[in-house]
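Residue numbers (this note's numbering), protein chains in the order written: chain A, 565 to 1047; chain B, 565 to 1047.
Each statement offered as a hint is correct.
List of simulated lysine-lysine pairs, DSSO-like, C-alpha gap at most 30 Å:
| hint | chain 1 | residue 1 | chain 2 | residue 2 |
| --- | --- | --- | --- | --- |
| 1 | B | Lys617 | A | Lys884 |
| 2 | A | Lys884 | B | Lys879 |
| 3 | A | Lys879 | B | Lys884 |
| 4 | A | Lys813 | B | Lys876 |
| 5 | B | Lys880 | A | Lys617 |
| 6 | B | Lys960 | B | Lys934 |
| 7 | A | Lys613 | B | Lys809 |
| 8 | A | Lys965 | A | Lys948 |
| 9 | B | Lys880 | A | Lys884 |
| 10 | A | Lys698 | B | Lys901 |
| 11 | B | Lys628 | A | Lys884 |
| 12 | A | Lys879 | B | Lys617 |
| 13 | A | Lys698 | B | Lys884 |
| 14 | A | Lys617 | A | Lys576 |
| 15 | B | Lys816 | A | Lys901 |
| 16 | A | Lys868 | A | Lys938 |
| 17 | B | Lys869 | A | Lys813 |
| 18 | B | Lys698 | A | Lys602 |
| 19 | B | Lys948 | A | Lys880 |
| 20 | B | Lys813 | A | Lys876 |
| 21 | B | Lys617 | A | Lys698 |
| 22 | B | Lys879 | A | Lys698 |
| 23 | A | Lys646 | B | Lys666 |
| 24 | A | Lys813 | B | Lys868 |
| 25 | B | Lys879 | A | Lys750 |
| 26 | A | Lys881 | B | Lys884 |
| 27 | B | Lys653 | A | Lys602 |
| 28 | A | Lys884 | B | Lys942 |
| 29 | A | Lys866 | A | Lys876 |
| 30 | B | Lys813 | A | Lys865 |
| 31 | A | Lys666 | B | Lys711 |
| 32 | A | Lys613 | B | Lys698 |
| 33 | A | Lys613 | A | Lys698 |
No lab work stands behind these hints, which were simulated from the structure alone.
Protein chains: 2
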Amino acid sequence: MPEEFQQGVTAKKCENFSEWYNQVIQKAEIVDLRLGIKGFIVIRPWGAKIIEKIYDLYEEELQKRGHQPTIMPSVIPESNLKKESDHIKGFTPEVFWLETPKGSERLALRPTSETLYTPMFALWVRSHRDLPMKLYQRGAVFRLDTKATRPLIRGREFYWIEAHDAFATKEEAEAQVQEDIEMTEKVLHQQLGIPFLPMKRPEWDKFAGAEYTIGSDVLMPDGKLIQQPSTHLMGQKFSRAFNAKFKNKDGKEEFLWTTAYGPAMSRILVSIISTHGDDKGLILPTSVAPIEIVIIPIYTKKNKKEILEYCKKIKKKLEKDHRVHLDEREEHTPGRKFNEWELKGVPLRVEVGQKEMEEQTLTIFIRDMKKREKIQLKDSKKLKLLKREFDERLKKKAEEKLKKSIVECKTKEEIKKAIRNGKICKVNWCSTAKEGVPCAEYIEKNINADVRGTLGNKKETPSSNCVICGKTAKEVVYIGRSY
Amino acid sequence: MPEEFQQGVTAKKCENFSEWYNQVIQKAEIVDLRLGIKGFIVIRPWGAKIIEKIYDLYEEELQKRGHQPTIMPSVIPESNLKKESDHIKGFTPEVFWLETPKGSERLALRPTSETLYTPMFALWVRSHRDLPMKLYQRGAVFRLDTKATRPLIRGREFYWIEAHDAFATKEEAEAQVQEDIEMTEKVLHQQLGIPFLPMKRPEWDKFAGAEYTIGSDVLMPDGKLIQQPSTHLMGQKFSRAFNAKFKNKDGKEEFLWTTAYGPAMSRILVSIISTHGDDKGLILPTSVAPIEIVIIPIYTKKNKKEILEYCKKIKKKLEKDHRVHLDEREEHTPGRKFNEWELKGVPLRVEVGQKEMEEQTLTIFIRDMKKREKIQLKDSKKLKLLKREFDERLKKKAEEKLKKSIVECKTKEEIKKAIRNGKICKVNWCSTAKEGVPCAEYIEKNINADVRGTLGNKKETPSSNCVICGKTAKEVVYIGRSY
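Sequences and hints are given; from them, build the entire structure.
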């Protein structure tokens, strides 16, 4: 660990979140920002291992639901990218182009891969019997973001999974969009303890080329929302652009219905860090903790050998059910080790000294509560229970926080006040179609916040008129500041 | 499956390997070449799953030996790439450059990542206590290859792991080079059944920037050699270029010793296909077969329901120990299914009909021998044994082929004849340092073959003078044609 990072986190999460975040990601050895390429960062082993685990969780859910892996080129020919007009309009300003070798077509680094998958659907799907076709890839995408970049939050290269699915009917495609939200619920909320608002974005804020987009908004400690996995109903827009058809049951040709879903691992890591971390550093849910249990031997010169041997025995016993690490480094004191693993967010620490060895017990330090508990070595169920309770606490705490931060607002003044206090406003709203633009602009200009959308998996009915223009409200929307 | 690929492989592997290869990779749905971007291809689910398994095998071996994952940017600033003079000379013609946003440094798509890892070593390593530092990443690299591209063999984007390690001494770095060869032995030879010659490359054929390179040469069916994972002793060349130092035990600053190792998953897939495949298609070692056992129900209208239920029971029983797939598609005959899974290389097929159900037996078709064997359903050990024997046969066959193809040659004429017959020549050689260039050029110009190098993990002593110039031979080299 470089010397400048040897001290712990000095910023307070609730006082200066931005500084806390920048310290934590570096001191916990998640990233290194010193390579100095704008928008591109180095992810260190601790971060890479967490990201790998998030990938694993997602790939498992995708495969369970019939998705198959593929590997697409990292580049897209200009003619592909230009086929769907809304898509190219939205993405052109953000594309990295390659210097083109003589005589060949101009190539872009992929910002997203609809224009690679749809032409392949056109080749792979012949008849309704080939449907649904559900594919995905894990990999990097590139966007020449002109806004300020922030490590893991907004970068020019990020690591994601993109799933691209093709269906015979609109109904099946829309059911997939809902299944995508279920996958976000399963991984983000249930496994990682991060609750979210599935937000059907307003017309003016959907993915370039989509019929509609449902994003997942997650609360950050500063009260702002960050977009996590989003899912898009592409309808027949891309299939028409690429002439991707299939023969239906009556033998007639129809255009495919497609969807896309994109969880970004590097961004999910942001929410893990921000949602669960505390002033000591990271707190990692057990599902993605590279180490779930760290064993720290505490010895004197006299009992060193014995204690270390006993620790090895414990490790062997525990690693059948848990990811365990025994920290044997001689150059560091137990206290220094305590701090380091707390900073890195390891859920449970086992402290082993003379007393524990004699009693055949384990002293367990629980990261989130910063509390010790003594258990019997032979009680193997207890550790599993402690892990389950740990994950449950993280989730509950985050759920309560999100719930508390949503306030119903009846007037512009209430919205202003709520936003100033870092809240999310639930309001009656005229329309998230084009007619609603003036009201949304009012929010943006006067309150410095965004209309994030309507609930994407449940219909909510407005109880009175639009909070801004006073006309009939068709929808209930959520307003918040965002990353 | 598109109609044009519905028929099986029509080319014979031993008569027209090139055509056989092109048919197999497409008909077995490994790749799709129809996207039409020179050097970039689409890898379909069957191919992507095999590649994922090769990644798994490698990551396991790397982590066992103390390597930690990292994620580096896909781009390299021009100034980094230019720091080591031999490196930039070797790689410049092959680099894809990005069109540079105003006011920022020119960026290359990474062709390899020494110039990203070494500056990080300079930041991360302070003292000998931080060493060794063993890192790796999985991901894509990009090379603007100007030679003819061939799918999976030579492309402009390929998928690999690159391991970059730093050490305190040359001895430790050289030991790592040998450990890298051991990993190739473990994965390529032992787990995938692909024997190789570890070849210490001649001076004129080493990696741009390395002190020396040891490649792994694998035999292709046409008698040519293809380079598989190579490992490089970088010595202190990159650490000097990036001022990457550490404090030794005496408190003095020294430059790091670094190594690099690069197994390319897409290329290893080439050798799996070419080494083990036959005229029916792929034959996959069980370690990377996405499906190890496919169950094909054989029923009449009368016993359909019963047979399918019985098949599901078998599946449930077998999938505890094997990757199993039950092919229930109604639109295809058993015969058509047999052909499809043989083409795709599934090691074992279980055929289940009335008789098998009554006898509580399994009829197993073994892919490489094209032979059936009947086993008792309750004999769960037998299937494991069949798999082990299957893998063992693939390996043995490949070993014998490689062994037979190496011939000792005492004269130029013998070399010519052997190369014409698709053999690898073992000869006494003056030198693989610069003095040997004229002799190597003779081989290249007159025999259209290359000096591949000396054995990289064992010293062989020449028995007489150089086969070309007649001067004292210092080495024993291997000569062959190559991809």
